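Assemble the dimeric complex from its two separately framed chains, guided by the hints.
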Amino acid sequence: MMIMQRPNRNTIRENLLFDTINVMLMLLLTLLIAYPIWNVVVSSFSDAQSLSEGGITFYPKGFTLENYRAVFRDTTIWRAFGISIAKTVIGVLTHVFFCSMVAFAMSKRYLIGRKLYSAIGIITLFFGGGMVPTYLLYRQLGLLNSFWVYILPQLFNYYDMIVLMNFFRDIPASLEESAVIDGAGTWQVFLRIVLPLSLPVLATIALFNGVYQWNDYMTARMFINDEKLYPVQMKLYKVIVQSQTTAMSNPSSSAVLPTTTRSIQLATIVLTTLPIVLVYPFLQKYFVKGMTLGAVKE
Amino acid sequence: MRGKVIIGMKRKGFGSRLWSQMPLQIMVWPGIIFMIIFCYMPIYGLSVAFKHYTVVDTFQSAQWVGFENFKIAFSDKFFWDSVGNTLAISFLKILIGFPLPIILAIQISELPNGRFKKMVQTISYLPHFLSWVVLGGMVINWMSTTGAFSTMLLSLGVIDKPVNYLLQPDKYWLIAALTDVWKEAGWNTILYLAVIASIDPTYYEAARIDGAGKLRQIWYITLPLMRRIIALTFTLTIGGLLGSNLDQTLVLMNAINRPKAEVINSYVFRMGLTQGDFSYATAVGLAISIVSLILVLSTNALTKRLNDSESIF
Chain L
1 MMIMQRPNRN TIRENLLFDT INVMLMLLLT LLIAYPIWNV VVSSFSDAQS LSEGGITFYP
61 KGFTLENYRA VFRDTTIWRA FGISIAKTVI GVLTHVFFCS MVAFAMSKRY LIGRKLYSAI
121 GIITLFFGGG MVPTYLLYRQ LGLLNSFWVY ILPQLFNYYD MIVLMNFFRD IPASLEESAV
181 IDGAGTWQVF LRIVLPLSLP VLATIALFNG VYQWNDYMTA RMFINDEKLY PVQMKLYKVI
241 VQSQTTAMSN PSSSAVLPTT TRSIQLATIV LTTLPIVLVY PFLQKYFVKG MTLGAVKE
Chain E
1001 MRGKVIIGMK RKGFGSRLWS QMPLQIMVWP GIIFMIIFCY MPIYGLSVAF KHYTVVDTFQ
1061 SAQWVGFENF KIAFSDKFFW DSVGNTLAIS FLKILIGFPL PIILAIQISE LPNGRFKKMV
1121 QTISYLPHFL SWVVLGGMVI NWMSTTGAFS TMLLSLGVID KPVNYLLQPD KYWLIAALTD
1181 VWKEAGWNTI LYLAVIASID PTYYEAARID GAGKLRQIWY ITLPLMRRII ALTFTLTIGG
1241 LLGSNLDQTL VLMNAINRPK AEVINSYVFR MGLTQGDFSY ATAVGLAISI VSLILVLSTN
1301 ALTKRLNDSE SIF
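These protein sequences, in sequence, are chains L and E.
So the first sequence is numbered by our numbering: it starts at 1 and just counts up by one.
So the second sequence is numbered by our numbering: it starts at 1001 and just counts up by one.
According to the in silico footprint, chain L covers these stretches of chain E (three or more CB under 8 Å from chain L):
(1) 1024-1031
(2) 1035-1047
(3) 1103-1114
(4) 1129-1135
(5) 1144-1154
(6) 1241-1252
(7) 1278-1290
Hints are computed from structural coordinates only; laboratory data are not their basis.
All values derive from a computational prediction rather than experimental measurement.
Ideal Cβ placement from N, Cα and C applies to all residues, glycine included.
Isolated chain E, as found in the complex (with noise of 0.2 Å):
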């Protein structure tokens, strides 16, 4: 039927064939259009970065400077002080955050199915859909001289006085990792948990009739068949390395921790939207984008290698 319904259209000319299909075609048509319009325009705006664009002008209007703004920004130290600390913060995320998934992942599959496993995955889940500004207005309010952290450390004997830990600067970078973490772990856990789920068990009868323990499964059976989709998220983690989380920043930065809190993102959000310095923040925005595409390419490449290496054998 399919067939026969091809070889009557390629008799039709090409006119015909599309008006058939028309339709189809205005169907279509409204996304392209909406992709042209909302990601190819700005792409086409970031030729700002190289203008001196003012609040009167439009994409075309603004005067070429070449690399001016660029030269500007690497002599910033305002700039290199929030590439800092998103690299401090995106490290200790990627230190906590990365094998953590991973060790929960395999613990919850190794969990009796139940109740409980069906408790643990729906709260360990919950935080992702918190949003970040709930969840900063909850990280204010445990932070507080009188919230739930300084009453637990008043209770431990750790601290003899109530303190504010979002008021010292340099406790910042451990701040924004963890509830970072906290808020995400337990989700990312899903994509390993679909991973194990796969695995043959006959594997794991095998090992067991061998005499092996949980443990030694885990080791030789469960995280060598993780390895691909290791090797995937870490690819897409290192590509993150400069995006910083600018929802959680602007929640949580104050007048205060603000040399600590002051990423990337939120730089480029200052500087653009709150100062208008147009062509300076979309400048700034582009040098991260491409260092981030570079980082993932060798990345990709590397993992590759390594995954190739190893199937040799």
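Chain L extracted, bound-state conformation (with noise of 0.2 Å):
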């Protein structure tokens, strides 16, 4: 530190020139992502008249809140979203609880069978059967038309196992330990020392799976036909899917489209992502977290 060499005066330059541009470029960058974003949220408020004939912005054109209006008029939207709820919520818990039983128990070293549970597991990580023997099973078990579909399947993931396992056994033994002396049996261990001590990790592995029943349509697309179980993301779907076809069938004009169509697609669209959008910028480090908690394993 004592023997600070100034630098020469091109150096300086340079590094202001990239700073410059770089924060620039930045600029530019979360431009081209916002934009688009904040265009459709602007969209969403401007009436079917101004929709039709384009050149919205930066602000709604001829504001409304007639598309929300008309999105909360249908019932069947109520119901998608209680379902998207109940399956995000039901499936985040018992995920959670699942992968943590079979991790604590898996963080024991003294385990019998360990090595051949972990190597059934590890399998699985690499191998799977794809998508049409999956839906043959499912077919077989009775999950085609039933809520559970969203639900058993997401019960176990090895890969979120092998986090939890990992951060159970960071746990001091001696707390365990202590616990065990006073008289606690394992699921007392387990659920009143264990599970409390872990609430980061567990919030981590519940965000992004709750992420993923949130967003998931596949789902519903693969293996609902019955409309009363599509969550809200199924129904945008069929919502966009339907307009689609009606723009195609008249690529020159969208005039004669039905105008409410676009505008309820429109609502849909920021009313399914609201609940993200609203919750991710304060969760975000239990995000960037995940993400490279995973990657320390590799």
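In structure tokens form, the structure reads like this:
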């Protein structure tokens, strides 16, 4: 630190130029990402007339809340939101509990059969049956057109198990031992000591699983025909496909398009994304941690 | 304390040892049963690819037909079309989407710590959390004749009449690649940022004292130290070459762009789940996963050899 050589003038100028260009490019990047999203948001507050004319840029044209009212008048949307919430809440709780239960047992090095169990698990990370055999299996199990197809196949995941297991191993053994001496059984140690101490990692796993459950429409697309069981993402998918077909039958002008379809589509997009966009900035650090958590293992 | 317990256990027989840890075993077994049902049964179900499976069959009852389904697939024009589309889209995605997160991560790491850096990160990670249904809906809206994209091109004078590029099949590959990059490039910087953050700052100090500017520091310090992680992500990317994004395709594909939009996964989906040709679709899926596996293994061997030969000096 004492011998600070003064960098020559060229380097200073080069660095200044670098920083300026860098900041400008980063501004451009945020604009490139934020503007298209913003455009959809303001479009959802624009009236049907302006939507069919186009030219909506930074602010709503013909501001209206009618699009949202139209969405909420449709009772099937309410139902779809209910299914999405149920699938997310039940899915996350059961997934986190089931994975941590297995992980707690697997974290004990003296567990008999541990090598065999982990071999069985690791194979599932590399091989799978793929779409059609999975579909046939669910058909045989009677999971088609059942709410449980959202929950049961998501109960367990070996990757999340590894993450949890590694976390549990770092909990000081003395804590568990003193509880055992006080007469606590295996389940009590797991529920009263290990789980409460693992809240950060449980939160991270829950968040990733929650985003998956909320965003997932493929499960419904593949295994559900009953519209009553559609989550909101699938509902939105139907709205989008519908409007695509109408747009195609008359590609030259969208003025003929039943404008309500597009308005409803836009308002549904915003409503569907809202929960995630509201929650995400506050939980960003957990998501980032979760990304690098898994990577360290590799 | 621990050692004592284990010694004490060794004296007991296997049966009593197992009995004493019964609660733990009962915690693991549900996981094992789960994997046998939901992971191993579908793997066993792959045998359907070598059978003639009809709607009334179970995994066991179907007739064996050998490689018949594979032969049909390899002589099917639609299969090869979907392979071609998958490769073209994947290639574009890698070309744009592989280097971009590396560049962005370096750029973000060069920003001064503070509110601006945080804002850039928050905004660039955001699209990752949009589902493909939502993003697909957005893309359809941007691309519509009255949407943001046409509006922009019109005001720039690039086009003089509104166009919907989603209805132009030859533009689909680029749309698929670019929307995917738009969604994931920011999020994919996280791993690289973590690696950059772990670089010893004294390297940079030394370089600064020697008069190296930022560009040289990036070229001679940051990039070489990222080599390992880049090799790893590259291996994974190549493994996904034939993996196509079903979520994205099902939303963005329409009757007009289908010839250029149909990828392997959506083809398997259509043949298997929509048309009920289970055996044929399973055969296609299996053939593709075998090729993917070979790709991963050979890329892995290659990058390993490259890394080793470089670490010699």
